[in-house]
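Enquirer: Here's the letter readout for the chains.
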Amino acid sequence: MANNIDVNEVKLTAKDFSSDQDVRWCPGCGDYSILAQVQRTFPDIGVKKENIVWVSGIGCSSRFPYYMNTYGFHSIHGRAPAIATGLKISRPDLSVWVATGDGDLMSIGGNHFIHACRKNIDIKILMFNNRIYGLTKGQYSPTSEKGKVTKTTPYGSIDYPFNPASLALGAESTFVARSLDRDPKHLQSIIKRAADHKGTAFVEILQNCNIFNDGAFALLTDKETKADHVLVLEHSKPMLFGKENNLGIKLDGFRPVVIDINDGKHSVSDVWVHNEEDHHPIRSFILAHMTDDPKLPTPIGIFREVIKPTYDEGITEQIENVTKKKGRGDLQKLLFESNTWEV
Amino acid sequence: MANNIDVNEVKLTAKDFSSDQDVRWCPGCGDYSILAQVQRTFPDIGVKKENIVWVSGIGCSSRFPYYMNTYGFHSIHGRAPAIATGLKISRPDLSVWVATGDGDLMSIGGNHFIHACRKNIDIKILMFNNRIYGLTKGQYSPTSEKGKVTKTTPYGSIDYPFNPASLALGAESTFVARSLDRDPKHLQSIIKRAADHKGTAFVEILQNCNIFNDGAFALLTDKETKADHVLVLEHSKPMLFGKENNLGIKLDGFRPVVIDINDGKHSVSDVWVHNEEDHHPIRSFILAHMTDDPKLPTPIGIFREVIKPTYDEGITEQIENVTKKKGRGDLQKLLFESNTWEV
Amino acid sequence: MEETKSNGKTVQSLNDVTVMFAGDSGDGMQLTGTQFSNTTALVGNDLSTLPDYPAEIRAPAGTLYGVSGFQLHFSSSDIHTPGDSPDVLVAMNPAALKVNLKNIKEHALIIVNTDSFDPKNLKIAKYDSNPLDDGTLEGFHVIHVPITSLTTNALRDTNLSIKEITRSKNFFALGMMYWLYNRPVEPTIEWIKQKFAKNPDIAAANEAVLKAGYYFGDQTELFTTRYSVESANLPKGVYRNISGNEATAIGLVTASELSGLPLFLGSYPITPASEILQYLSTYKNYGVKTFQAEDEISGIASAIGASFGGSLAITTTSGPGLALKAEAIGLAVMTELPLVIINVQRGGPSTGLPTKTEQADLLQAMYGRNGEAPVAVLAASTPSDCFHMAIEASRIALNFMTPVILLTDGYIANGAEPWKMPLIEELEKIEVKFATEVEGFFPYSRNEKLSRPWAKPGTPGLEHRIGGLEKANITGNVSHDPDNHDLMCKLRTEKIQRIQNDIPELEVDGPSKGDVLVLGWGGTYGSIREAVDRVRKSGYKVSQAHLKYINPFPKNTREVLNNFKHILIPEINLGQLARIIRSEFLLPVIQLNQVRGLPIKSVDIQNKILEILGGNNGK
Amino acid sequence: MEETKSNGKTVQSLNDVTVMFAGDSGDGMQLTGTQFSNTTALVGNDLSTLPDYPAEIRAPAGTLYGVSGFQLHFSSSDIHTPGDSPDVLVAMNPAALKVNLKNIKEHALIIVNTDSFDPKNLKIAKYDSNPLDDGTLEGFHVIHVPITSLTTNALRDTNLSIKEITRSKNFFALGMMYWLYNRPVEPTIEWIKQKFAKNPDIAAANEAVLKAGYYFGDQTELFTTRYSVESANLPKGVYRNISGNEATAIGLVTASELSGLPLFLGSYPITPASEILQYLSTYKNYGVKTFQAEDEISGIASAIGASFGGSLAITTTSGPGLALKAEAIGLAVMTELPLVIINVQRGGPSTGLPTKTEQADLLQAMYGRNGEAPVAVLAASTPSDCFHMAIEASRIALNFMTPVILLTDGYIANGAEPWKMPLIEELEKIEVKFATEVEGFFPYSRNEKLSRPWAKPGTPGLEHRIGGLEKANITGNVSHDPDNHDLMCKLRTEKIQRIQNDIPELEVDGPSKGDVLVLGWGGTYGSIREAVDRVRKSGYKVSQAHLKYINPFPKNTREVLNNFKHILIPEINLGQLARIIRSEFLLPVIQLNQVRGLPIKSVDIQNKILEILGGNNGK
Ligand SMILES: Cc1ncc(C[n+]2csc(CCOP(=O)(O)OP(=O)(O)O)c2C)c(N)n1
Ligand SMILES: Cc1ncc(C[n+]2csc(CCOP(=O)(O)OP(=O)(O)O)c2C)c(N)n1
Ligand code: SF4
Ligand code: SF4
Ligand SMILES: [Mg+2]
Ligand SMILES: [Mg+2]
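Chains A, B, C and D, in that order, give the protein sequences.
So in the numbering used here, the last one in the first sequence is 343, and the numbering has no gaps at all.
So in the numbering used here, the last one in the second sequence is 343, and the numbering has no gaps at all.
So in the numbering used here, the last one in the third sequence is 619, and the numbering has no gaps at all.
So in the numbering used here, the last one in the fourth sequence is 619, and the numbering has no gaps at all.
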């Protein structure tokens, strides 16, 4: 792990990360898988259990910390990024994770989210996107598709959804990724990469709420359809997908289009090669906006990772510099420093 | 004006839009010019004075409504977009404008801003970006450059600023533009275009705060430097700039670079042609991120304009449809409609 | 209790019964309870309900925290609470039995679904041995019914899956209860047909199971007695069963109609208030505009914008949401715009007990803002009273150009009671006059109510600016003048005070002078009323007064209170009204405070009254 | 008033003087006032200041609303307020004269900059004729000084621009006042040299002008009398002049040192609290971390995060910001994390009068949250008291694992007074013990203070989860149990109550029994103290008690109050402490309420006391 955080001596197992609390999600909820993948991954991120903190807001997803045998804080709706920010700044030695939902992070918590991204606060944000408010029983969320019929939109919603990756990129997040509750291996790899990233890591996890929005991502997870609808991004590899891995993404100007590399007209060399390390945000913005076009597959994987100093590094460095220059503060001096007189 | 709003019969003048209140900004403040350009433009936007409402938050910039002889609401810090949203949805017949600052809109008001963009609420947002908190006397703002020394950052700020256009585009704003307090003509043209846009119009106005951040945009406004540092975007025109209009923007992949069309190696046909109507957000995102690169000029003008149904249109249409289907609601029926019995 | 014979079974006539349907959250207990309530209402009983569901959406099957309950009290006479303790418990699984056992009456009737008492479920419910045969239930009247098997049996010839079949077992229980309490199955069959119109197989199955349950009651030897509860002697009129949230929603639409103003709701979902937003979003053809905002602040801010635009503007929320709206309420106070803020109180502090009831937001409603920022505070007392109080809140907001906070709570919001509906034409109109005259228009001039003119955008010549900075009296310009500020603070306070002239006096139920007055507010009405009734029945004199207007208090409040030696204030908080009464009237009051997330039990109030009266408990 | 002669002028010795420096916001009046204060402190007077500046940053020159004032009261004896009305007004322009005229003493000395009384400025100040010669100033002792020309004269040989030259005219006024009140110019010269180290031309010019003003005083015939105010008899020690905001900041750093915990401040700028954030951001080498958040909610949320991580966590704000923090304060209550919330009160409601003082957030601090969410509430009484109360707030937060709201206000935050500084080593340490033992660790177990253990992340074996849902007693697991909730609500309340054991008793200044006790809280201390002193000097008996701990009250509060026939509570609100006292102790209290954005005048309190005592006003 790229962090300045203590590493483990003893190898832990997934079970070590499981708390003694009953898991209270609905049977069949995608959150179970996310929990399992985190628990499976965490022994490998090289951080001691006691140095990990999970912070969450309110929502089904935000119950997550209760089930992790680490430090945890189930806070109030939307504020997890802000709480995590204060925790990380004050305790750079901790590995700070945020578990949140599409409502928690993108609705009420939107401002804290974009500011965390902007400041490159070294926290990892896993957003469980089920495109619905689960805990409050099925109102539409800012990621619900337009026209959605829910309890608060009996005639269909009229607002356009956020594109979470686009919003994160617009706010300059240094790590933007997407994964699926139903693709355990992929999800594990992304969690691991988020852990390794030094800076704000935003991971959108498409998650099925089988009670209020069942099948929202069926196209991407059903055996028959997923190969044709999911594009797995891999660094420095051409963007290929499809049942026979014959489909590729080609760039037509800024617009990605689908080509068939076996149609005689195209070849793999026409296919756009993924580069997650591109510092310029445009490439990742194109990837983020692929979901605007129903003809394109949905990319999963790491859209981009950029390394730049984090906020906590900055503040630590500044304190060191000032202290070097002025010496460690002496309180009595502070009091007596200006315009004093004696009686 | 493309809006469904009553048009004027009598031609008004700038003076008609000036209220009886003393203008209380500091002498020399860039806000004066913005006010003047708005007052000069408004007789031409074709909306009756009484059908215009200015809503603002708190800040020097947010004093704006007091000086406009229209309806006005000087509200609380950060909430202007939300108040304007309720006003516009409930009164689609009004032309609703938001005057705000970089702190008001991008700090405390960030969430309302991105949600207004996402929902395509038909309001016009003029953000006076002086990269500082003026009214509270000089703390840094979310648009202040990194390393900025201010009252709250005596050793320099450590956070990265927002790129306002990038944030607006990430949140899917349908109209994104930038102008300068010190370029009256340009500013007038942009205000006019914002008025004409049906949907959320976001206009960043770079504004000099001569008290707390004097000269922040000097490069872009000083006679000697501006030609080389400002790129004026014009629809379907090649992006040329420079004292002799000999410099152009060429696209190198996704990256804009500066070329000299008179250097013998390049010609005007190498220059990227602006298309503000491009529906795909990538082009405008590249423009927004030109300010990341100090070698590039700062674009002003309209980054993009996209037309799609607004929220208020959606809600009006839905009400009409439902009413057509079910008939205008009858309250007595509503009461008696379900499971009644008589005693 | 009369007894007659019918169909070989004894028929016992009861005055009132409290039934608890309890099962897994997936067992459909809320639906069962609601159907039983509706049918019970149709047969003319008075009734009161208390749904109680877990915070989890679908807690894992069989767990104690996953138990969902629906308590229902019905009677042949006037009643006011869902009953302190159930006479009958229908327990669909061991967890439901365990959770409710401590709360049911001695000798209560317990109907259990024996099929679910298998080792797995017993273990999940943390039973070491089977309570059905280890003596746990001694003293109760227990009836063992293999509900799951009987349901499966009834549907063995259908093509439904096992999952679908077992899901309909609640209808078996419902049918059985219909038989037991002598109610018709037809209304529910009607409902099933409508509800599952698109799925006739399921409709047919549910109907079959419902009937199977009913016939099982009739034929089994397990039931030797059948009960009848005569219809209550309610005032003449057309009734429906209504919950507080629905009544609130309808009340708001009614206020919109009475005032002639379009309704705008800006809101963010939160339990237990979301339903008001949900109901209102279905009323599009009443011209209602609902806006699901990005958060509570935007919810109220959008409503303030709509109010500025001339709508009847509403925002709805619950506790933590009200906290978030505090700053914006202050803006509405300063700009003197009409605004109705509805707070459905739930258990706090913080996220607290989100699905439980409480009355602990009164002081927040009164004082939870910076500066001297008085608003009107109202509280609804029963589910159907929410209708009237929603209209009252709107009327006061519009007449006095002020924010009004209407407090309801989780109990009356989710609970239901029969409601004699009004005729709309008989309701009083709400007069609203927008300013239109340019001559003499000043945004902060005032009428005799101290209310300022409302000039909405679009009115030529009345262009003006308002905002959160202190306003100069009359002109409404920004003013930093010290004396003006003092004056304006006092004017705003006095305006709220003058609402006293426009609200009913505080009524006393019982003698207007005496030893004990039980003073309540909001959702405790029923519990207090029932306690007072019972104490009176045992021959004591006691009076009740219930505050629905808290800021300002009704004009005669001091007079009412001064006429009693003791004032008892029961509240589901640590004494918030008591605090206000003490400071307002300098009267020592006796408090009864329980903060248990549940309605206060009538019996506890009853005992407290008797204690004050000096009688021994319960005599 | 002794008189002596010196240098051909009479020297009159005064006990105390109140001076008002007033001019355009660009005229540097705040700087002038501050310099005069500092020098006055150095010569050993007691003093108290009241800066008063417009909400506008640089209001257009010459306007009435653009006037900036600095009032300063200094004395040879103990004083407590910036003075009710100035004895001397230095008016740099017509607007400054007009704004202050109604407030100065009869026969006051007025020094005017005659150069600025030109037609343009007179018009902007809305004077129809020149007040210097139309009789307006009759009865005052007016001294005409062409300050601008004299300044220009003094600098005619420099290379400075006209703008630079006129900008230094405030130093002329300052020099003149130094001469008039017999204070040395050297400290200011020192300061000028430091301040303008990088700009020696400006430094030289300012020094020259300062001296020019001084000599002008000496040589002109306009002044026939010079005044001297002897140094006050202050307790021995090292002093500095300190404002409330600076004292708060230093107090917090001190608390960090005393507790051994790193300081974290999460805050969002807001007048008049921003300075605390600004001061703390300069203390990087004390390990202080300041985080300028995106809004007030993030300010407190980040502090809660830091508190969970084991820091001494602070958030600072003013009224509207406190409203925004309400929900998160509830979270800190439920999670029982130490947190200091500092609210520098300003004029409300809503944006109100952002640069003025007020005491109207007391009820918000007490009750402005959903549910039963008690926190400790403290209030500082004077600028230097902010230092002590910041430490007290930190101590209570850390010892009781609770949020503490410390109230200060714009007046004491911006005002300054001489402060006898403590020796750090003599201050009591704040004991903090983090949990480390795995054995027997339960997140919600409690010690005798009812405080729960603080186990910070990084401690092996103590991994645990907290949150905003109701907690089970001891284990801290989520609990929906009714009885547990009731218990926890009561435990949280009792915990705050137990703070009584750890705070000083309420002291009575004056007889502990009597007719009148003047009870105050927070920033009114000085006004009350001065009023009480004066009433006593006229031979009456009156006592004073000042509450710095409001929730809980000191243990002996009831006893103190019961010993007096009348309790007078002066407040800069509509009676917020009065309301609490009435409900808490059922005592009728007499209120004196002014909401004028300014400190209450001592004379008004004095008159009220006399009225209660039955004396005719002022005897
Ligand atoms: C201040 C506040 N507002 C509203 C709520 C109600 N609330 C709880 S969770 C939630 C939405 C949750 O949606 P999401 O974050 O998508 O989580 P999910 O349940 O879908 O996992 C809402 C609106 C609350 N608890 N607090
Ligand atoms: C809730 C709240 N928080 C903080 C403030 C203090 N405040 C007033 S204006 C402002 C920032 C203004 O910055 P900006 O929007 O950039 O406006 P400018 O003055 O620079 O035009 C702040 C922090 C406030 N009035 N209300
Ligand atoms: S409601 Fe949806 S998101 Fe919530 S636990 Fe159930 S299935 Fe999961
Ligand atoms: S402080 Fe800056 S932004 Fe504000 S009025 Fe003055 S110059 Fe303009
Ligand atoms: Mg969700
Ligand atoms: Mg600004």
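Quick caveat, the hints were computed from the structure, so don't treat them as lab data.
Glycine included, C-beta positions come from ideal geometry on N, C-alpha and C.
Some hints here could point you the wrong way.
Claimed, not checked - Simulated pairs of lysine-lysine, DSS-like, Cα-Cα distance not exceeding 25 angstroms:
#1 D/490 <-> C/102
#2 D/236 <-> A/333
#3 A/265 <-> A/237
#4 B/325 <-> C/198
#5 B/15 <-> C/198
#6 A/11 <-> D/456
#7 B/49 <-> C/456
Said to hold, decoys possible - Covered by chain D, per the in silico footprint, the following chain B stretches (three or more residues, Cβ under 8 angstroms):
#8 21-28
#9 105-113
#10 133-139
#11 147-153
Enquirer: Hint by hint, say whether it matches the structure.
Expert: Here is how each hint holds up against the structure:
{"no.": "1", "hint": "D/490 <-> C/102", "result": "holds (23 angstroms)"}
{"no.": "2", "hint": "D/236 <-> A/333", "result": "holds (19 angstroms)"}
{"no.": "3", "hint": "A/265 <-> A/237", "result": "holds (21 angstroms)"}
{"no.": "4", "hint": "B/325 <-> C/198", "result": "holds (20 angstroms)"}
{"no.": "5", "hint": "B/15 <-> C/198", "result": "violated (64 angstroms)"}
{"no.": "6", "hint": "A/11 <-> D/456", "result": "holds (23 angstroms)"}
{"no.": "7", "hint": "B/49 <-> C/456", "result": "holds (13 angstroms)"}
{"no.": "8", "hint": "21-28", "result": "holds (count 6)"}
{"no.": "9", "hint": "105-113", "result": "holds (count 3)"}
{"no.": "10", "hint": "133-139", "result": "holds (count 6)"}
{"no.": "11", "hint": "147-153", "result": "holds (count 3)"}
The structure fails hint 5 only (numbered hints given earlier).
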